[in-house]
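Residue numbers (the working numbering), protein chains in the order written: chain A, 1 to 203; chain B, 204 to 406.
Hints in this document: simulated from the structure, not taken from any laboratory.
In this text, all values refer to a predicted model and were calculated from it rather than measured experimentally.
The C-beta atom is built at its ideal place from N, Cα and C for all residues, glycine as well.
Wrong hints could be hidden among the right ones.
[Unchecked claim] Simulated DEER-style distance windows between Cβ atoms: (1) Glu387(B) / Ala193(A): 50 to 60 Å; (2) Met1(A) / Thr323(B): 42 to 52 Å; (3) Asn390(B) / Glu184(A): 21 to 31 Å; (4) Asn390(B) / Met1(A): 27 to 37 Å; (5) Glu62(A) / Glu387(B): 24 to 34 Å.
2 protein chains.
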Amino acid sequence: MKLYGAPMPAPNPRRVRMFLVEKGIDLPETRIDMIKREHKSEEFRAKNSLGQIPTLELDDGEAISETVAICRYFEEIKPEPSLFGRTAIEKARVDMWVRRMEFVLMTPVGNYWRHFHPYTAALLTQYKDFGESNIQAYANAQKWLDRELETKPFIAGEAYSMADICAQSTVDFATWIGLPIDPEHKNLTAWHARVSARPSASA
Amino acid sequence: MKLYGAPMPAPNPRRVRMFLVEKGIDLPETRIDMIKREHKSEEFRAKNSLGQIPTLELDDGEAISETVAICRYFEEIKPEPSLFGRTAIEKARVDMWVRRMEFVLMTPVGNYWRHFHPYTAALLTQYKDFGESNIQAYANAQKWLDRELETKPFIAGEAYSMADICAQSTVDFATWIGLPIDPEHKNLTAWHARVSARPSASA
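Using the sequences and the accompanying hints, generate a full structural model.
In structure tokens, the structure reads:
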């Protein structure tokens, strides 16, 4: 098995690295040089036609892409500790929260990065007004999540899960690009301290 | 169990309806009046704090939202016919394609609808330049998907899956809002005819 990725703070490859630490799976990342655009090369596109990382290449040559799908594969081959839930309701709950973290939390951060941040301005066409509007969308998402965390220690409930990995990598990336956690959000801040104390945080 | 939804062509509630037909599960939809903004009412927000449909309310009162999480719950309680895959690699493959359909195919359609379509212009602040740019993004996505379908009958491979439901509901919604399939894309067109011939297509 070969895992193609890139160093942090890119959130998607980091999610897989964090997941592997939580699972106790030792699989070093094969680094893709994104500056040299290796992920857009013909050779890499044969593994992932979208030219994206992370991508997991299995021993028979089949390649799986999409962060959560890759992590789900590891969950299947090594079920414990469970990060996607064990029962029907646990699985549905974790999947719901993974998706909420992606659609509600990560989407505005991604849009801000893609359409407003100076780093990407040099690389791609930006729609700045739209990009800027995502600052408020992310603030709203933080406020909502802070309230949700009032009654539970982790994103999907009592147990740490893939949803925490998705949320933590998003929040850390957002901080890095200039959108920190609003310190008024006590529950969100406490949750972030809780997940940041885990060994996976340094992945 | 109570399934909250709304009539087509809204793609997310339709996905759950299609999934239930494919599974042979008889669960009528409890219709939410979106014009009256029932989904944003305090009563409904107690079930889903984001005020979104579909939402599945279980007999113990717990509510699951997010289309794919709801379908995954049904897959767990009634595994056959499998729509998310049976083995580790099948599950990873389906999840990868579900996500690709959401992120690559649905995102530009959703952005176009949200930021360019006259219907939403009356309801929300639009960033029209950004919205319009998604026409090209969706055209690129169609082209990519057409090529991917050159060698397989269904989105995730040989078997019909949740990824087909996600793709079909996206393509049909896109057509409805003015972004039809480019007839030059023969594989995509043939795939669409194939999935449209299934009983679930009328859900």
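Verification of the supplied hints:
1. Glu387(B) / Ala193(A): 50 to 60 Å: Check passed, 54 Å falls within 50 to 60 Å.
2. Met1(A) / Thr323(B): 42 to 52 Å: For Thr323(B) against Met1(A), whose Cβ atoms are near 44 Å apart, the range 42 to 52 Å holds.
3. Asn390(B) / Glu184(A): 21 to 31 Å: Since the Cβ atoms of Asn390(B) and Glu184(A) sit about 52 Å apart, the hinted range of 21 to 31 Å is violated.
4. Asn390(B) / Met1(A): 27 to 37 Å: holds (31 Å)
5. Glu62(A) / Glu387(B): 24 to 34 Å: holds (30 Å)
When each numbered hint is compared with the structure, a violation occurs for hint 3 only.
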